[in-house]
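Q: In order, the protein sequences belong to chains A and B. Under this note's numbering, the first residue of the first sequence carries the number 1, and numbering increases by one thereafter. Under this note's numbering, the first residue of the second sequence carries the number 1, and numbering increases by one thereafter.
Treat the hints with caution; some may be incorrect.
Some chain A residues close to chain B (C-beta under 8 Å, calculated; not the full set) [said to hold, decoys possible]:
no.: 1; residue: Val204
no.: 2; residue: Arg205
no.: 3; residue: Glu285
no.: 4; residue: Ile298
no.: 5; residue: Leu299
no.: 6; residue: Leu300
Mimicking DSBU-like on lysine-lysine, the simulated pairs with C-alpha atoms at most 35 Å apart in a straight line are [to be verified]:
no.: 7; chain 1: B; residue 1: Lys189; chain 2: B; residue 2: Lys36
no.: 8; chain 1: A; residue 1: Lys184; chain 2: B; residue 2: Lys65
no.: 9; chain 1: B; residue 1: Lys65; chain 2: B; residue 2: Lys36
no.: 10; chain 1: A; residue 1: Lys259; chain 2: B; residue 2: Lys36
no.: 11; chain 1: A; residue 1: Lys184; chain 2: B; residue 2: Lys189
no.: 12; chain 1: B; residue 1: Lys65; chain 2: A; residue 2: Lys259
no.: 13; chain 1: B; residue 1: Lys12; chain 2: B; residue 2: Lys65
no.: 14; chain 1: B; residue 1: Lys189; chain 2: A; residue 2: Lys259
no.: 15; chain 1: A; residue 1: Lys184; chain 2: B; residue 2: Lys36
Over 12 Å on every C-beta distance to chain A, these chain B residues come out as not near it, computed from the model [stated by the list, open to error]:
no.: 16; residue: Glu24
no.: 17; residue: Arg27
no.: 18; residue: Glu80
no.: 19; residue: Ile81
no.: 20; residue: Arg93
no.: 21; residue: Leu99
no.: 22; residue: Glu126
no.: 23; residue: Arg130
no.: 24; residue: Gln135
no.: 25; residue: Pro174
no.: 26; residue: Glu178
no.: 27; residue: Gly185
no.: 28; residue: Ser217
no.: 29; residue: Ser223
no.: 30; residue: Ser225
Derived by calculation from the structure, the hints in this document are not laboratory data. Note that CB positions come from ideal geometry on N, CA and C, so glycine has one too.
The residues making up each chain are set out below.
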Amino acid sequence: MDLVLLLQRIFDALFNSAIYSSLALALVIIFRSTGLLNFAQGEMATFTAYIAFVLLAGPQPRLTGGGLAGLIPGVPFSIPLAIFGAVLCGMAAGAMTERALIRPLGGASDVALVNITIGLLLATNSLMAQWWGTGPRFFPAIFPTGAGQHFTILGARLRYSTVGVWVILLSALILLVLLLRHTKTGLAFRAVSISPSNAELVGVRVGPTLMYGWAMASGFGALAACLSANSVLLEPNMMLRVLVYAFAAATLGGLDSPKGALLGGLIIGLSQTLIPAYVPFIGFELSVLPALVAMVVILLIRPAGLFGTQRIERI
Amino acid sequence: MVDDVFDEVGLKVEDLHASYGAVEVLRGLNFEVAAKGVSVILGANGAGKTTTLRAICNMCSTSGKVTLGEEDITRTGTAEIVRRGVAHVPQGRGTFPELSTMDNLMIGAYTRKDGEVRDDVERWFEIFPRLAERQDQLAGSLSGGEQQMLAVARALMCRPRLLLLDEPSLGLAPLIIEDLFERFGTLNKETGLTMLIVEQNANLALEMADYGYVIESGEITLSGSADQLRNDPAVQEAYLGA
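This is chain B alone, in the form it adopts within the complex:
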């Protein structure tokens, strides 16, 4: 059990179970994400990382309790959870390959009713100039790195308070991953956006995160500040390749 280790909790997950058919993938997860902080969940393939994010968004059958800020969102529908301020960049990035870059950003703002959508598009174009150059191109024709940038920009178009990132480094070249994580860090520092990242690439993730969890076979086996985890012999051996 995690006691309230953070001053302000952005997301709280209690006794979260999830299963696909008869296979139980998550077996009672307890963890918290600090508001305005970056938390990372490390784990091997099949440990339940992706399912954790899907369970938070109610995309699979679950039991337990998920609290966003003060709100209980355990039984809230996926589309409604987005309206409450959770943006999820799923595995496979969640972009629409047959829509243009611009349309992908516009659909990201689907839940918004304010008049500043265009301003936000301009802002992300400034941060990711490559996207501006390719605004009329189909998203499916972008390079892997550009697509990941688009996925993140698309997610941020809904002005979330919590960003969930599912293995953003997957399939990208090391230099691009480094650049991407740097941007995530900047984003968090500049906007105070709460982030939960699941990653296999522990090095970069721990460098950027302030808190971390290790998940094994659907259970949290280790938690601590990013520094603690980096210096933990078990983590070093299993995830840092030391």
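So that you can see chain A by itself, here it is in the shape it has in the complex:
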């Protein structure tokens, strides 16, 4: 086996892994606190990438399809600033979603709420198509992507952009952990995740606390979309496949474990690239199959996922 080629494939897979991990984290944060799978997570993320796009597009009429985008006076934002702005918008949108759609329906069953998020997926998707058209658009890269923009490690090329997304993802994750471990709001969020009714009995206002959760989750979603829009091209369905992989990653890692989401994203990303490369009868079109098989096997052995909480309670 050509070891340099293997290393090269691993390096190549790491970029997608980071994107899967990031969206999986978004899913996990919401699942942990509300017990809800947010099917709209991917589309909400894509929407923020469009916001970054609008912020970047400048005053020139580069957007076709009219609508809102034509009305926003483009500001010559730098790329990192535009992405930062998009992440903030995404967090606000996430918080608003909780406040306007999820909280008022608090009494509804989980299945009903999941259906609401599927509705939100369709609505957001149509809205993007309406405003910005369905055609793919070029989205600038935040990190240099040209030829020669890479580190060379043992003969394999590790692109700057791959290192960049991991640095951003891990920094955001460290920030999240610090927030959860060392702030009052973070502690309240963890308490609500464990038991909303007990949290209320210590005076935590459950609704607003969950809103923070939705904001944090949508921030990770926005990162995933804005960082991958350059390589996959921006279009309304951009995150649809990514969402499926992120679901697999989150389930694999344990739906309530941020650590699991990170590792799950890595496993899905790596197996998606490596298995078709080394197992002859699985072509690249079937690349997701091994990941799903791995997921089923892991869930058979550990029903809560790799790092999912097996609830402990002593009576």
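We have chain A already, so just place chain B on it with the hints.
A: Showing chain B alone in chain A's frame:
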């Protein structure tokens, strides 16, 4: 109807009804808890003890009137009632099994804005040394008695003026229950904290309380000082195993 039997009323409940769906669990309760006193509600399983405490905290749909000191809290939200000074240790203790002992105490102080939270933690660690030893352990891994201590300490972290305890003796060994009730008594005497305890274990509860009520099928059927209730033949037969 209870007339004002106490000099100062900590909690007053008037015509309290509560239902789950079509089932009416509380059918017009009237009772009072003396400020700085300990009152106990005795009753069998399903009599409505837990619902009474839940209704006070507005955790189920109710009608009637609940007054805390001078404030009407009937329509106040649960989280807000905690801010007004009511700490509730619910059935199942209300602790967070996946949080550490320390985090459980810190979340208990969530509503506080003063700088003395750490001092209070130290104080409860002195009173419950077992909790200090296990401060970094997950609450779910503590023994039943330790968890109940944590639940009470957690509730007291918000510096309440009224403590509601839902069957604190449930699932604990007799020696531990005795120790626990002794601590409750001391706490009441030393801090003047008003307490309302619902219990099946009438012996210990009446020993510690100064006033008591008996609840049957969602109605108060008997009330009186702890001594009166202890000597009441009906109470003796039904709750004291005499």
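Q: Could you run down the list of hints and mark each one as holding or not?
A: Against the structure, the hints:
| no. | hint | in the structure |
| --- | --- | --- |
| 1 | Val204 | 6 Å, holds |
| 2 | Arg205 | 5 Å, holds |
| 3 | Glu285 | 42 Å, violated |
| 4 | Ile298 | 22 Å, violated |
| 5 | Leu299 | 21 Å, violated |
| 6 | Leu300 | 25 Å, violated |
| 7 | B/Lys189 to B/Lys36 | 8 Å, holds |
| 8 | A/Lys184 to B/Lys65 | 34 Å, holds |
| 9 | B/Lys65 to B/Lys36 | 21 Å, holds |
| 10 | A/Lys259 to B/Lys36 | 48 Å, violated |
| 11 | A/Lys184 to B/Lys189 | 32 Å, holds |
| 12 | B/Lys65 to A/Lys259 | 48 Å, violated |
| 13 | B/Lys12 to B/Lys65 | 8 Å, holds |
| 14 | B/Lys189 to A/Lys259 | 48 Å, violated |
| 15 | A/Lys184 to B/Lys36 | 31 Å, holds |
| 16 | Glu24 | 21 Å, holds |
| 17 | Arg27 | 24 Å, holds |
| 18 | Glu80 | 8 Å, violated |
| 19 | Ile81 | 8 Å, violated |
| 20 | Arg93 | 9 Å, violated |
| 21 | Leu99 | 6 Å, violated |
| 22 | Glu126 | 22 Å, holds |
| 23 | Arg130 | 15 Å, holds |
| 24 | Gln135 | 15 Å, holds |
| 25 | Pro174 | 17 Å, holds |
| 26 | Glu178 | 20 Å, holds |
| 27 | Gly185 | 24 Å, holds |
| 28 | Ser217 | 26 Å, holds |
| 29 | Ser223 | 27 Å, holds |
| 30 | Ser225 | 30 Å, holds |
Of the numbered hints stated above, those contradicted by the structure are hints 3, 4, 5, 6, 10, 12, 14, 18, 19, 20 and 21, listed in ascending order.
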